[in-house]
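*Asks:* Chains as they are written, first to last, in our numbering: chain G, 1 to 163; chain R, 1 to 799; chain L, 1 to 297.
Hints were generated in silico from the structure; no laboratory data involved.
All figures in this text were calculated on a predicted structure; none of them were measured in a lab.
Check before you lean on any hint, since a few could be wrong.
Ranges between beta-carbon positions, derived for each pair [said to hold, decoys possible]: (1) Arg229(L) x Thr280(R): 56 to 62 angstroms; (2) Lys248(R) x Gln79(G): 42 to 48 angstroms; (3) Ile218(R) x Pro27(L): 51 to 57 angstroms.
We treat Cβ as the ideally placed atom computed from N, Cα and C, and that holds for glycine.
Each chain, letter by letter, is given below.
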Amino acid sequence: MRITVYVNGAACTATVEPRLLLIHFLRDDLRLTGSHWGCDTSNCGACVVWLDDTPVKSCTVLAVMADGRRVLTVEGLEQRGRLDPVQEGFARCHGLQCGFCTPGMMMTARWLLDHHPDPSADEIREAISGQVCRCTGYENIVRSIVWAGQHELNQHNAGASDG
Amino acid sequence: MRAPVTAEPVTPEPVTPDAYGPVRRKEDARFIRGKGLFVDDIQLPGMLHGAILRSPLAHARIVSVDVESALAHPHVEAVITGEMLAARGLAWMPTLSGDVQAVLATDKVRYQGQEIAFVVARDRYSARDALELISVEYEPLPPVIDAERALDPGAPVVRDDLPGKADNHIFDWEAGDEAATAAAFAAADVVVAQDMLYPRSHPAPLETCGMVADLDTISGKLTLWATTQAPHAHRTLYSLVAGLPEHKIRVVSPDIGGGFGNKVPVYPGYICAIVGATLTGRPVKWMEDRSENLMSTSFARDYHMHGEIAATRDGKILALRARVLADHGAFNATAQPTKYPAGFFHIFTGSYDLAAAHCQVTAVHTNKAPGGVAYACSFRITEAVYLVERMVDLLARELELDPAELRMMNLLRPEQFPYTGPTGWEYDSGEYPRALNLALDMAGYAELRREQAQKRLRGEYMGIGLSFFTEGVGAGPRAHMDILGFGMADGAGLRVFPTGKAVLAISVQTQGQGHETTFAQIVAQELGLSPDDVDVVHGDTDRTPFGLGTYGSRSTPVSGAAAVIVARKVRERARLVAAAMLEVSADDLDWSDGAWRVRGDPEQSARIPEIAMAAHSSLELPEGVEGHLDAETVYNPPNLTFPFGAYICVTDVDPGTGVVKVRRFIAVDDCGVRINPMIVEGQVHGGLADGVGMALMQVIAFDADGNCLGGSFMDYLLPTALECPSWELGATVTPSPHHPIGAKGVGESATVGSPAAVVNSVLDALAPFGVRHADMPLTPANVWSAIQGRPLRTDLAVS
Amino acid sequence: MQVPAQVEYERAASVEHALDLLARYGPEARVLAGGHSLIPMMKLRLAQPETLIDINGLGELSFLRVAGGELQIGALTRHAELLDCALAGEHFAILHDAERVIADPVVRNWGSIGGSLCQADPSEDLSAAFAALKATMVIRGPGGTRTVPAREFHTGPYETVVAPGEILTEVRISLRAPDTGSAGNKGSAYEKVGRRVGDWPVGAAGAALWLTGGTVAEAGIGLSAVGARNFAAAEAEEFLRGAPATEESFRRAGEIAAEHCRPVADQRGPADYKRHLACELTARALRTAACRAAGEA
């Protein structure tokens, strides 16, 4: 089946089998290997990307379901050479070790901050509760997201006060 | 957010180094952009995909394997069977414990999930489809599942492939003085005994295992991109097993998504991928899925333990005794130094001053996947620490003493070091009471006990659990420690280029520990460079020196020491060149503040970059001094290092449902000199989550037919951010006396020390109900059942 | 990774179109909504439909509204949308209690109410919540629309009354007490025990109470994962009707609910524990529901 998916702003057209999972379409067909997979049962969240502005587990979505829709992956976070504050936060606060869960965590973090600009640590833990990390014990992931949120609030306030 | 509390070191230390500290990680640049290179990211032209057909049965004779239909699938390029491998002498491979393991089953299958056949197809979906086209006829056999029944007379024999094998016994091993221990027990006022299970668990790194095998048919060079924690050891093994010339094999560990010991062994899938590449002449990728990872790759633990502790009425611990039944699964594939088939379990004497101890370990085969040593166990120290820390708590309960007080009474004192314990361990350094006091302080221990008392009156149940542990990590001196005959030394090579930039090649491979940063910091510190000017190369056998790999917290103790030594070699060579530059005698130079300086005239100096340029220039050098700043070393550690820690866990238990909430976890770690405290803390955070997981939810259990009940993340549950509290970390620094910069390992400490703290905490909460012990995992069902007086047996199916 | 077998795919442009496609492709066709119940089964090859009819574009099935004395929930409503809907939470706190503990936040973004109900897992949480609320399912087929009480929706594990060729379109919940029509103070709650966040329940209970004064005018109790018939505790509800809304009543109701369920031992827990949870969680859910009805919680 011929599909067109708008991935990180670019129209990607391909012929795929209906059974092809979105995560495989992104990784194997489009060579966007930043999103990962780590389980068979939709538990681990290494595959989280945005589908039409909403984080989804792309291992549990068929590529054909994304036909005509927009997908945002970790590769789309950096804009024109500038890191997203979420990415900056993870690097500053040691929010990653092996880096395998990181793209999924950052995609969820980005959505959380877009909708809840000043989340508490508990709200952050709830937001990432569908995603597993084996390395960090979550502590620094939470700190990274708090940093990014604070950073954006400061930027916003600085911008506001500049009028 | 709490900053860690650091106590003042007692022994004098060198001036705080410049390059050490919470330096941001160099490797993050690619990971935050999604530009890491993991094995499944690799695509080569013409690459094919492999998939493994696995046995649904735990124990069965193979009557026939018919692959005709699979071969007829239009997208299938090859199908490999055990018979085909047998013709090549590859149907069996050696394990890390001197046993053999089937690559693809020929006579029998011996665990559910065992490899039967390997399909090579055009794409991963076709490979999966083709598996269904293979028909296997099995003759089911009764399985051995309950380890405690494995040695029963008449039990089915798992390893009838071994000549003359008539039972499931693997080995017996013991340490300590049995008679002296018996005497100590006989003379004791109080003896407490307890059976306890450290259930089968699995490291479950987020990235599963896999390989891309690429054979250049013209040159004969075999390149293996593999999820391996020990690329050099694997290369040599492949050479020995497959008869391939070693210089024609290159093993590359690219980025690895977590290892935790899961990626130490050679797995059948790797051999199959290599054979597939050889047969088809095209690259073959094999990536296991999560169920394969959980069901067939190296599990961890599965120690059925019986512990006994003997003490005086006043609480002086006299002796410890342990008997262990070790379930090794169908093949003995544990990974530990050869002389220690039960790993370092005999460190079960813990951190206490004991007169006598004796342990005895019996290992058995069962119809389960092979493994046992994995998941940050420091070669069975997780099991040992769990045993002793549970026994100490049980003794405290028996004597009606506070568990912190009882520990404090019995901890080794600083003046007792170096200390030789009753099972032969020589701890070289430690300041135990200080660490425990710091933890108690941070926790507000007295206040917690008051709160607990008040809550009990209201029918609310909270628990405070302690764990104090000593680790022995950084294997190890080659005279005592080898794996499959390879001494556990590690190499490092350093080259400084004319402009003063450096490349350090190390043999250990990072799986998230931050080697690219910490090792750069080590070299930078020794040579007065910036860590940005030092690149670390690892994981590629073509570009790095031989070494036994990353596991058992050995990177900093062994490879870290190698990095220091090689940097100092370069620095000494630089001294000779600097002497020529400054026209002084080499003996007139001192190293300070990042430069070689003329004694008495420190402005007359030379830094490494200028010296490097001079070394490669036309500057005349003294006789015998070669014009370069390169060096190599192979470091043979003189001893293990002994990190230690004091952990306190606070839990709240709902007796109506059995649900446990971990409210707080205080962790004080001492890993000697800390090169990058930020990275050290990250390692501890991760290990503490393991403790919560193992204590409360993780287990690989089996039913009576041998069906694996933990074959997916729906049942093998891993802790999320909601189950973990915000970890409260503290540190003390007791430098290693032999490590060149006083550092010790730390990667596994938290995984080793934390489960006992959580379990002790929950059982402390349940004390008013008369619950004495319950095994991990303390699921709600298990906690509630324990309150009813019937704790669950957690390694078998719930009935 | 485990991957599905070959399958055909069609996208429905309307409900009518979806019904046409179902008729055309026959009983081996399955409706695909969020896919978070179906696709995992397909990856494990426990479900192998021949054709998928994708209804994700059917906005007409995605709604949350109060009309005609009912809360009406479109079958395509995502779990996250139900959790986020203040209106739904105000009327029936049980729905928010349940949604908060269903799967995880990311799965809830795409998984749908209808998808979960039609997968009909015996441990599914909304089945118990809707049973407690005595909801009504609306099913559309080629012959038109029919309604089925929530308590008659499931016919067995993984089986519902939705026939091949039909689609669940809506769930309706009466704002007044469904049986007695009472307009008394209502309150509802859901209590779940899992081995970990996001796990299927080991046991779960939902309760809905309509109180007049200190008396129970009507009660609804739903149970999940403990082998309760039709996810409901009808005998316990019967006991509570007209009973004082007291701790003693709630405890007794819990005991009755536990007596009538048939829990099965599995790795989540032994049968006696699940039976205990049926009792304990029913009492807790009733207690909280009563507090909320009285405006206290």
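*Asks:* Determine for every hint whether it applies to the structure shown.
*Replies:* A quick look at each hint next to the structure:
At roughly 57 angstroms, the beta carbons of Arg229(L) and Thr280(R) sit within the given window of 56 to 62 angstroms. The hinted range of 42 to 48 angstroms is satisfied by Lys248(R) and Gln79(G), whose Cβ atoms lie roughly 46 angstroms apart. For Ile218(R) and Pro27(L), the hinted distance range of 51 to 57 angstroms is satisfied, since their beta carbons lie about 56 angstroms from each other.
Violated hints: none; the structure is consistent with every hint.
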